[in-house]
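> Build out the structure end to end from the sequences listed, making use of the hints.
If you're matching them up, the sequences are chains U and D in order.
The opening residue of the first sequence carries number 363 in the numbering used here; numbering runs sequentially from there.
The opening residue of the second sequence carries number 363 in the numbering used here; numbering runs sequentially from there.
Warning: the hint list may mix true and false statements.
[Stated by the list, open to error] A short list of chain U residues far from chain D (calculated; beta carbon distances all over 12 angstroms): (1) G441; (2) P454; (3) A504; (4) P560; (5) E617.
[Said to hold, decoys possible] Below are the SDA-like pairs computed for lysine to any residue, each with C-alpha atoms no more than 25 angstroms apart in a straight line: (6) U:K381 - D:H369; (7) D:K381 - U:A410; (8) U:K429 - D:D417; (9) D:K429 - U:A415; (10) U:K429 - D:G559; (11) U:K455 - D:R364; (12) D:K488 - D:S499; (13) D:K429 - U:G559; (14) D:K381 - U:G562; (15) U:K381 - D:F401; (16) U:K455 - U:R566; (17) U:K455 - D:Q365; (18) U:K455 - D:H369; (19) U:K381 - D:R570; (20) D:K381 - U:P600; (21) U:K381 - D:M564; (22) U:K488 - U:R536; (23) U:K381 - D:K633; (24) D:K494 - D:E516; (25) D:K381 - U:K455.
Quick caveat, the hints were computed from the structure, so don't treat them as lab data.
Values in this document were obtained by computation on a predicted structure and should not be read as measured data.
Every residue, glycine too, gets a C-beta built ideally from N, C-alpha and C.
Number of protein chains: 2
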Amino acid sequence: MRQFDEHTITEAVIERLAKTQNARLRTVMSALVGHLHDFVREVQLTEAEWRTAIDFLTRVGQKSDDKRQEFILLSDTLGVSILVDAINHRQPKGVTETTVLGPFYVENPPEQPLGADISGGLQGEKLFIEGKVHSPSGKPVAGAAVDVWHSDNEGYYDVQRNDLSGPALRARFRTDQNGRFWFWTIMPRSYPVPHDGPVGEMLRVTERHPFRPAHVHFRIEAPEFETLVTHVFVAGDPYLESDAVFAVKESLIAEFPQMPPGVAPDGTEMKQPWRCLNYRFGLKPIVEAAEHVSC
Amino acid sequence: MRQFDEHTITEAVIERLAKTQNARLRTVMSALVGHLHDFVREVQLTEAEWRTAIDFLTRVGQKSDDKRQEFILLSDTLGVSILVDAINHRQPKGVTETTVLGPFYVENPPEQPLGADISGGLQGEKLFIEGKVHSPSGKPVAGAAVDVWHSDNEGYYDVQRNDLSGPALRARFRTDQNGRFWFWTIMPRSYPVPHDGPVGEMLRVTERHPFRPAHVHFRIEAPEFETLVTHVFVAGDPYLESDAVFAVKESLIAEFPQMPPGVAPDGTEMKQPWRCLNYRFGLKPIVEAAEHVSC
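Written out as structure tokens, the structure reads:
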């Protein structure tokens with residue numbers, strides 16, 4: 363076939379992919395071509411719009427470097443990242459819901475003893491976080507690696523600041539024999555996603571704000587369980603209804619109540635009011651996942 | 363709405379676009395989100411595949427610069443460019459079919475007198491091209507600017523070579539009072555699209571060759587007519603059935619017959635055999651296009 367029109371072109375491109383040896387790649391590419399062409403036909407894309415799209419996508423690639431990933435941000439702000447997350451993590455009962463990893467995770471954060479203060483001297487409202495990691499049936503998971511990271515009082519992560527000598531508001535803890543972990547930090551704050559690039563332009567022309575509601579990130583890894591990547595969001599945050607990356611789930615919103623001066627759960631004497639988060643994390647056994655994909 | 367699942371997320375993102383003031387932008391973005399999400403759901407995209415896609419698109423952007431546009435090449439090789447062309451140029455009877463502009467057009471090429479030899483000393487089989495530019499009813503279009511460009515005997519365009527002192531196989535002619543133009547050049551050759559980047563990787567893993575059949579590009583501009591962008595392909599080329607960018611149309615394939623030594627149409631005495639192309643170009647009046655979009 364060498365003569366195509368606006369309808370037969372799609373079949374022609376899919377035919378051209380027929381020799382792809384990797385069957386999964388053939389499936390994915392064929393579906394991509396079908397949906398991409400359907401989009402162009404549905405909106406009757408003009409040549410000027412096509413040029414704008416080419417220019418936009420090129421600039422998204424060129425804005426990305428080793429510290430910034432603008433294509434992930436585009437995927438996040440178009441709801442694609444959370445959709446991929448939802449498809450790949452259909453959590454059974456007793457297992458914590460997942461959400462996006464985000465661009466500020468750093469692998470192998472500094473390991474800290476239980477009870478450590480990870481605020482690195484940054485100012486903010488003191489926050490005590492205690493968590494319990496368990497199996498779907500509620501059995502404690504001991505020795506799990508709990509990575510935590512979150513924004514500071516101004517909405518910045520440590521990697522976005524030039525005035526810090528090392529990691530702050532970022533650490534790895536190990537759960538004790540009861541699956542518990544606890545530490546001190548400061549309250550996170552809502553913040554805008556990076557919006558000085560092409561994705562920021564898209565948010566502006568579609569009249570969208572770039573803010574994410576305040577949250578603490580958790581990544582929990584333990585043998586025989588799927589690694590859990592999630593956030594816990596601060597109840598009452600004004601951006602919970604309109605997270606720029608659509609990552610909020612009801613089950614991940616928690617109260618961070620203000621506590622009066624006195625003795626904290628770890629025995630620390632607090633002279634000022636402080637905030638507290640207590641959250642339970644259910645992990646999904648790997649054996650169950652293996653059963654799911656074995657058929 | 364702040365709790366989304368793999369089905370409701372699409373509606374949520376489209377809702378978030380509802381405040382977009384530009385109605386056309388709102389339509390295009392909403393359709394894009396719908397089709398993109400449908401694609402992800404249909405193939406049940408895995409997280410590893412998503413990361414591969416992010417990395418691929420990032421590299422496509424980063425491979426682009428002022429001399430190379432890898433996103434246009436991606437659009438071309440996925441059949442999107444020719445689809446956009448088909449949608450935007452539904453040609454009535456008597457009007458030449460369009461095809462993609464391609465990445466090697468240079469604006470305002472050097473103007474040459476009718477009959478000039480534009481081969482710039484490059485070796486190859488001598489080719490005489492004569493054309494006539496007319497309205498749908500066959501009336502000659504005088505004074506039209508006819509830009510031509512094509513590959514050399516090795517399949518390269520002048521802009522891809524470092525050993526040339528100026529433009530070659532590239533010029534602008536003006537049609538005479540009878541709508542005619544003619545010039546000498548050399549036969550073009552089939553060639554691969556640039557395939558040392560991410561698009562080349564895609565072609566390899568989908569078992570596709572990167573070749574385009576031999577052709578001469580034409581861009582014809584005249585007052586009161588839509589600018590015509592097209593190619594004329596060399597009949598018999600082995601890649602006509604499998605052009606890497608899907609740009610071939612039956613009506614654009616022409617014989618380039620070999621002629622015996624003797625006197626050419628412009629009076630040149632040829633001692634060797636030479637090739638000849640005679641092609642008629644029908645332009646589309648702008649008034650007709652205006653009528654089309656006025657409803």
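> Mind checking the alpha carbons of K429 (chain D) and A415 (chain U) for me, to see if they're no more than 25 angstroms apart?
holds, 18 angstroms
> Regarding the pair K381 (chain D) and K455 (chain U), is the alpha-carbon distance no greater than 25 angstroms?
violated, 37 angstroms
> When you check the alpha-carbon spacing of K488 (chain U) and R536 (chain U), does it fall within 25 angstroms?
holds, 22 angstroms
> Does Q365 (chain D) lie within 25 angstroms of K455 (chain U) when you go C-alpha to C-alpha?
Holds. K455 (chain U) to Q365 (chain D) sits at ~17 angstroms (cutoff 25 angstroms).
> Regarding the pair K429 (chain D) and G559 (chain U), is the alpha-carbon distance no greater than 25 angstroms?
Between K429 (chain D) and G559 (chain U) the Cα gap is close to 23 angstroms, so the pair holds against 25 angstroms.
> Please verify whether K494 (chain D) and E516 (chain D) have alpha carbons no more than 25 angstroms apart.
violated, 28 angstroms
> Next pair to validate is K381 (chain U) with H369 (chain D); report whether the Cα-Cα distance is within 25 angstroms.
Roughly 33 angstroms between the alpha carbons, so the hint for K381 (chain U) and H369 (chain D) is violated.
> Holds or violated: K381 (chain U) with R570 (chain D), Cα cutoff 25 angstroms?
This hinted pair holds, its Cα atoms lying about 8 angstroms apart.
> So is A504 (chain U) really clear of chain D, every C-beta pair being over 12 angstroms apart?
holds, 27 angstroms
> Holds or violated: K488 (chain D) and S499 (chain D), Cα atoms, limit 25 angstroms.
violated, 33 angstroms
> Verify the proposed pairing of K381 (chain U) with F401 (chain D), using a straight-line Cα cut of 25 angstroms.
Cα-Cα ~21 angstroms, so holds.
> Hint check: K381 (chain D) vs P600 (chain U), CA-CA at most 25 angstroms. Holds or violated?
Status holds; Cα separation ~19 angstroms.
Of the numbered hints listed earlier, those contradicted by the structure are 1, 4, 6, 12, 16, 23, 24 and 25.
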